Every structure is written in structure tokens, then in C-alpha cells.
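Novice: Next come the chains, spelled out residue by residue.
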Amino acid sequence: MKTRYTFGGDEHIFVEMDDEMSLEAFFKAIAISKAVKDAKIDGVTEILPANASFEVRFNPDVIHPDTMMARLKELEGTASSAEPRMQTRIIEIPVYYQDPWTHETVMRFRERHQDPSGTDLEYAARINGFDSVESFIEAHHAQPWFVSMVGFVSGLPFLYQLVEREKQIEVPKYLRPRTDTPKLTVGYGGCFSCIYSVRGAGGYQMFGITPMPIFDPQQEVTYLKDFMVFFRPGDIVKFSPITREEHDRIVAEVEAGTYEPRMAEVTFDLDAFNADMTGTNDRLMEALHGN
Amino acid sequence: MAIKVRKPGLSTSIQDLGRPGYFHLGIPEGGAMDRAALRVANMLVGNDEGAAGLEAVFMGPELEFQEDTWVAVTGATMPILLDGEPREGWTSFPVRKGQVLSFGFLKEGARIYIAIAGGIDTPAHLGSRSTYVIGALGGLDGRPLAADDILPLGKAGDAAARQVDQALLPAASQPVELRVLPGLYWHRITEASQERFFDEEWTVAPEADRMGYRFRGGSPMEFVPREQPFGAGSDPSNIVDGCYSYGSIQVPGGTEPIVLHRDAVSGGGYFTIGAVISADMDLIGQLQPNTRVRFVKVDMETALAARKERRARLQTIRDALAAT
Chain A
116 MKTRYTFGGD
126 EHIFVEMDDE
136 MSLEAFFKAI
146 AISKAVKDAK
156 IDGVTEILPA
166 NASFEVRFNP
176 DVIHPDTMMA
186 RLKELEGTAS
196 SAEPRMQTRI
206 IEIPVYYQDP
216 WTHETVMRFR
226 ERHQDPSGTD
236 LEYAARINGF
246 DSVESFIEAH
256 HAQPWFVSMV
266 GFVSGLPFLY
276 QLVEREKQIE
286 VPKYLRPRTD
296 TPKLTVGYGG
306 CFSCIYSVRG
316 AGGYQMFGIT
326 PMPIFDPQQE
336 VTYLKDFMVF
346 FRPGDIVKFS
356 PITREEHDRI
366 VAEVEAGTYE
376 PRMAEVTFDL
386 DAFNADMTGT
396 NDRLMEALHG
406 N
Chain B
-14 MAIKVRKPGL
-4 STSIQDLGRP
6 GYFHLGIPEG
16 GAMDRAALRV
26 ANMLVGNDEG
36 AAGLEAVFMG
46 PELEFQEDTW
56 VAVTGATMPI
66 LLDGEPREGW
76 TSFPVRKGQV
86 LSFGFLKEGA
96 RIYIAIAGGI
106 DTPAHLGSRS
116 TYVIGALGGL
126 DGRPLAADDI
136 LPLGKAGDAA
146 ARQVDQALLP
156 AASQPVELRV
166 LPGLYWHRIT
176 EASQERFFDE
186 EWTVAPEADR
196 MGYRFRGGSP
206 MEFVPREQPF
216 GAGSDPSNIV
226 DGCYSYGSIQ
236 VPGGTEPIVL
246 HRDAVSGGGY
256 FTIGAVISAD
266 MDLIGQLQPN
276 TRVRFVKVDM
286 ETALAARKER
296 RARLQTIRDA
306 LAAT
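If you're matching them up, the sequences are chains A and B in order.
Going by our numbering, the first sequence wraps up at 406, each residue one higher than the last.
Going by our numbering, the second sequence wraps up at 309, each residue one higher than the last.
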């Protein structure tokens, strides 16, 4: 891992921990972002942690860009001793795979796809060496995911699967981005899954849909009353496959104000995870199911 | 005090100076594309510079006033009509109850700013009244204006007849020059592509909105060869999804640069070659499709000097108006 610092115009500094994705890079980025926040540097207006990088926005009328850059480099030293561990929560997200709404969108934008003859799921299964769409879907939901970034639009989570590098699913983005994606689509691009928080443009492959809203500007959804955005970096997600009937039932429960996502408080320790992935994931699942 | 929207125009939205602080969640700062134009419009009618006004792109709305008040229109050049009688831009003028403000065809620029004494008093959302359509935040239900909308107004302050000396406004060059500080993933393209980006002339593409401005006409970029890093995706223009900055220039597929603007997406998986400097962001908000543009390479000191100059110009206008 080699840290790279660069200016994004006169108001931003972009810091890349590594050009490839890893949880080590994520934890390093989150540790320095936190150190920058704690340092309360005059002139810093926003701190944006991302998958393997972070960005600081500052007011150059208050702090000279070179001074800002020097402060960040100093803080990298302090932060590199931080333990890669966090108190977080695991959340079960129900997913209706191969749903009719994303399927309709998949077919509508076929000419922008690498393989216009099939569906996104068929393509993703094939290029990742799965013998069927079903076994591919199984791999997508069998092991939990880590929210390594929140952003793009309105609280969209980027999720990185908690499995060995050789088991990571990788797919390209659409050749040309779509102009439409159904709200709450579960998508995939590069090594990341995502959940589209709102309807709109998108370039990720589309696998299914969740009935569980994750962004609500009106804050009417029961679990979004405190804040309109559901996810934060470090959240752990377990996708759980559901049928059309279960999907419709959850939609009705959300509307009635009776739906509460299944979740539990957990600690995630990167060193413990690297030492024993299966064991760590088993314990996360036990916490989720209250055993 | 209120205004009735008789015709909304093409896409007219309530905007102030934005909602900083939520970009890390994918909620952009938003606010007026041409910040200086909104500030000056507010100064003219005696409002706080950050009061909410209307931003109308390409076509003006038709507004009926339900009370006596003062109005000023700044930004793009577009004939201003009060009950069909012409009024001047960059000038505050009184409006009586029942009068109708409308606009002729756009002559120059892209966006007008309409400030009304007291400012538009819709509820603030995350600290701002700015309309962010993608997230359905701010404005009226997070959407552009529609016919029959009623816009509530705040309490007017020190409204009076005022006018900005047009000599104090920046003159646009032809082609328009946008100053760029190279950086971010600038190293991903070859030296020849780096030179061509600044040498060639670009034009504003039709896909130009509050989120970003797309440009076309230059040569496709050549990438420095590499094995794509894990997690980035297979296209040479892909990176591991990271955060974007306001003004940053992404080039999906290496073909058409997109400059992110006030309603920017906060991150994504396309490489970026640098950013338009903060002093030139307002200017982008006044570009029409097909406008000829050149990107001009600058260093940090030039960017900071330009920023200072922009602030000084605004201060001169502020001082001149305060003296009237």
C-alpha cells in the first residue's frame, strides 16, 4: 500500500491509500479521516471517507492548500497506529432476486450492455465461472458484506463481500451508463455490490431489488425518523433472498409503519477476520440471529 | 406575502447558497449554479446574500405577485417584462400586487436568478432551501416549480431602487476559458493526451445540468497501459470507486469529459484528470449547449489568485450597492 496525495482543484485534497480495493486500505482511510475530524483543523468543511481513499474539502481562504496537505501527511503518521477494529452493526437486507422491475430495466437497456443476448445475472454468473444463475445468487447472499463507502447519491452504500480475494465476484459496469434504474435495485460493479437509494441513472449490473427503503427525505419510514440516510461506513450487511410474496408483505409493513429491519450490534476486527474468515462470519450471523 | 406561479418555465427551482456538510452521504451542497449572480440579486433587493431565490434555466417563469414588493433579476441576459413593460437586469424594481413578471427569449448565458425582497420562505431541509431533485430535498417537495405553486415570502428588509454598474461584471471570452488544475488521476493518460486536452477546442454537449456539464469535440484520450487494480473494473477509465470533488473532470471511456457541478454525485468509479478552479465554477452555470470552450492549465497559485480576485470583485459590488 502506498499513499498518494493529490489536489482536486483549490478546495479539495484527495488521498488514495491504495489503487486496489482491500479492507486494509478501507481501515487506513477511515482512521485518517477520523484523525482529521478529531484534529478540528480550521478551514476543513467536509471529510469524505471512501472504499480505499478519502477526500478533504477545505476553504483555501482560511488554510493554504500546501499547509492543509502538510497537516494531512502528519496525521497519516498518527493514524497508522490505529487498531483496525470498529463497533458497528449487522443488518439483514431482504432481496427479491430476478424481480420483474429490474428485469424490465435490464431488457430496456440491452444495447448498452456487454452481452445484449442475456440478462445481467446470466452474464455475471458466466464470467465469474458459475454453472447457473441460482448458484451465483447463492454466492451473492451466502456471506456477509461490509459497507466500505456511502455516497454517489443519497446514502447509496457500496458493499464489499467478506470473503477471500479469490472468491470475490467481479463484473464490469455497463458499457454506457443507463438513464434509469429502479429505486432499491441491488447492483454490482467492479468488486462492489450497491443498493440504489433512489431511482435514477446507473452503470452497475442489476441483480434484484429490496423492499426496504434506505433513504427517506420525508423521514416517515419508522427506522429513518432520526435521520434520512440508513447506512454508514462500517455497517455489515447480510442479504437474505425472499419471494414475491415476502417482498409484497414487507412493502405493506413499511407503509403501515410496522417493519423493523433485523439488526444487532457487533464488533468487527480486521485481524481476527483475516485470521479466520469462516469463524468470524459465523459469529456475525449468530449475533444477527440472537444466538 | 406570496407569489403565484402561472407558468414554471423549463426547469425553475428554488436555490440558495446550498447545504454543505452532507456530501459524505451522497447529498451534495447544491445551491445556485452561479453563486455570484444569486448573491448580487439578493443584495439588490436588500436580502441576506444567502436568501433563497429562483434559478431558471434557458426560459423564465411567469409569476403573479400577491403583494407589493421589490424584485431583481441577474445572471443570463433575458428580456424582463413586468405586465409586459421592459425592466432592466441587475437592477431592483418595485412590483405591485397583481402584477405579472414574465420573460422573453434567452439572449446570452443560461441561468437567470430572481430575488424577491424577503426571500422565498419555503421550509429549509438539512439547513438549506435549495432544491435537490434527485434526493427530493428542499424547495417545494424537492421538485422544480409547477404551475399554480404558491411561493411564500419572508419579511422584506431594506429594499430600495439599486443598480449594479455593468462594468463591474466579468466579461466572458470567446471561446470561453475554464481554468483547470491538473491532478487526481491525471497520470492515467499519456503526455500526448494531456497536451491535447488543453490544446483542443471543446463544446458543451446537450447533457449539461445541475449535476454536471459534459463536453465533446476533443480527441479520445490514450491511457498509460496498466493491469487494472483489483476492484476497479476492466475499462482503463475505471478506478476503485472513490469520492469526487466539485469541479472535478471525469472522462468515462476516455471520450467525453464531464465537469461535476453543484448537484454532483459524491463518488463513483471513473477516473478524473483534475478540477476546474473554484473561481470559474459560476461561469459554467452560464454555459449553453454548443458553446465553444477551452480548458486552460493553471497552477495552485494562479487558482488562489483568481479566487481572491473573484472575492474582491464581489466586494466592490457589495460596497457600491451599500453606498446607494
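Treat the hints as calculated values from the structure; they're not laboratory data.
Small disclaimer: the values here were computed from a predicted structure and weren't measured.
A hint or two may mislead.
To be verified - Reference excerpt, derived from the structure (chain A facing chain B, CB under 10 Å, subset only):
id: 1; residue: D125
id: 2; residue: S137
id: 3; residue: A140
id: 4; residue: F224
id: 5; residue: H228
id: 6; residue: P231
id: 7; residue: V265
id: 8; residue: K282
id: 9; residue: E285
id: 10; residue: M400
id: 11; residue: L403
Where is the CB? At the ideal position from N, CA and C, for every residue including glycine.
Novice: Please flag the earlier hints that this structure goes against, numbers listed from lowest up.
Specialist: 4, 5, 6, 8, 10, 11
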